[in-house]
Amino acid sequence: NAGVTQTPKFRVLKTGQSMTLLCAQDMNHEYMYWYRQDPGMGLRLIHYSVGEGTTAKGEVPDGYNVSRLKKQNFLLGLESAAPSQTSVYFCASMAGGGNGELFFGEGSRLTVL
Amino acid sequence: RKEVEQDPGPFNVPEGATVAFNCTYSNSASQSFFWYRQDCRKEPKLLMSVYSSGNEDGRFTAQLNRASQYISLLIRDSKLSDSATYLCSWRDTGFQKLVFGTGTRLLVSP
Numbered sequence: 001n002a003g004v005t006q007t008p009k010f011r012v013l014k015t016g017q018s019m020t021l022l023c024a025q026d027m028n029h030e031y032m033y034w035y036r037q038d039p040g041m042g043l044r045l046i047h048y049s050v051g052e053g054t055t056a057k058g059e060v061p062d063g064y065n066v067s068r069l070k071k072q073n074f075l076l077g078l079e080s081a082a083p084s085q086t087s088v089y090f091c092a093s094m095a096g097g098g099n100g101e102l103f104f105g106e107g108s109r110l111t112v113l
Numbered sequence: 114r115k116e117v118e119q120d121p122g123p124f125n126v127p128e129g130a131t132v133a134f135n136c137t138y139s140n141s142a143s144q145s146f147f148w149y150r151q152d153c154r155k156e157p158k159l160l161m162s163v164y165s166s167g168n169e170d171g172r173f174t175a176q177l178n179r180a181s182q183y184i185s186l187l188i189r190d191s192k193l194s195d196s197a198t199y200l201c202s203w204r205d206t207g208f209q210k211l212v213f214g215t216g217t218r219l220l221v222s223p
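Residue numbers (the numbering used here), protein chains in the order written: chain X, 1 to 113; chain R, 114 to 223.
Because the hints were derived from the structure by calculation, they are not lab data. Please read all numbers here as calculations on a predicted model, not as lab measurements. Treat the hints with care, as some may be off.
Unchecked claim - The calculated lysine-lysine pairs, modelled on DSBU-like cross-linking and capped at a C-alpha distance of 35 Å, are:
(1) R:LYS155 - X:LYS57
(2) R:LYS158 - X:LYS9
(3) R:LYS192 - X:LYS71
(4) X:LYS14 - R:LYS158
(5) R:LYS192 - X:LYS14
As the list claims (entries may be wrong) - Pulled a few chain R residues facing chain X out of the computed Cβ check, cut under 8 Å:
(6) ASP120
(7) GLY122
(8) MET161
(9) LEU200
(10) ARG204
(11) THR215
(12) GLY216
The C-beta atom is built at its ideal place from N, Cα and C for all residues, glycine as well.
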């Protein structure tokens, strides 16, 4: 009963490096989201997807790209990491037509030096 | 103005106290509202939905005031285990995305 799984849980990058965060959900949810959480800023939406093959920009999309090639997976990519992208990243999913409840992964802590 | 605003706290209350948080929102078209709870260094989890008529779940009561554009969460008989950050959120039905406030931190002490 995994729910939403994020990998990796922790990562340290140097400025300019690239990486991909993987989110996998086993609940057959239509909607998936990537948020970042910073002290005093709350949860801010980066990108989201309302179905396989579709993505959309959230509040803070700059510097990130996403892909939803399979319904169960939502990838978040950083092409050229910057110190400002040091944050905790949360993936979440929601059932289509559901009550609006988001199910979150445990988070991925990223540090960019 | 942020779409959702909350007092960050912390609210320090003794066990058994009643505490209330408000959350204001700016988008009058907001459709659905929620309270999430987040423990330290953990992921947020849904606490309760907020219905127009108000709703209660045990010691927790959530209310929506559309005229003044705020939602509230009331916790009665606070427990030590209620210590957490409480995030309010609203859902834009058309775009299926949830926007969150910055959260209000609650500390319940013995």
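Tested hints:
Of the supplied pair hints, the one linking LYS155 of chain R and LYS57 of chain X holds, its CA atoms being roughly 25 Å apart against a limit of 35 Å. Distance restraint check for LYS158 of chain R and LYS9 of chain X: the Cα-Cα separation of roughly 18 Å lies within the 35 Å cut-off, and the hinted pair is therefore satisfied. About 40 Å separates the Cα atoms of LYS192 of chain R and LYS71 of chain X, which puts this hinted pair outside 35 Å; it is violated. Between LYS14 of chain X and LYS158 of chain R the alpha-carbon distance is near 32 Å, which keeps this suggested pair within the 35 Å criterion.
Restraint check for LYS192 of chain R and LYS14 of chain X: not satisfied, since their Cα atoms lie roughly 43 Å apart, outside the 35 Å limit. With its C-beta approaching chain X no nearer than about 12 Å, ASP120 of chain R sits outside the 8 Å limit, and its interface hint is violated. Residue-level restraint check for GLY122 of chain R is violated (minimum Cβ-Cβ distance to chain X is 12 Å; threshold 8 Å). A cut of 8 Å between beta carbons decides the hint on MET161 of chain R: the least distance to chain X is about 10 Å, and the hint is violated.
At a threshold of 8 Å, the smallest CB-CB gap from LEU200 of chain R to chain X is about 7 Å, leaving the interface hint in force. Restraint check, ARG204 of chain R versus chain X: the minimum CB separation of about 5 Å is within 8 Å; hint holds. About 4 Å separates the beta-carbon of THR215 of chain R from the nearest beta-carbon of chain X, less than 8 Å, and the hint is met. Hint status for GLY216 of chain R relative to chain X: holds, with the closest Cβ pair at about 6 Å, below 8 Å.
When the structure is compared with the earlier hints, violations turn up for hints 3, 5, 6, 7 and 8 and for no others.
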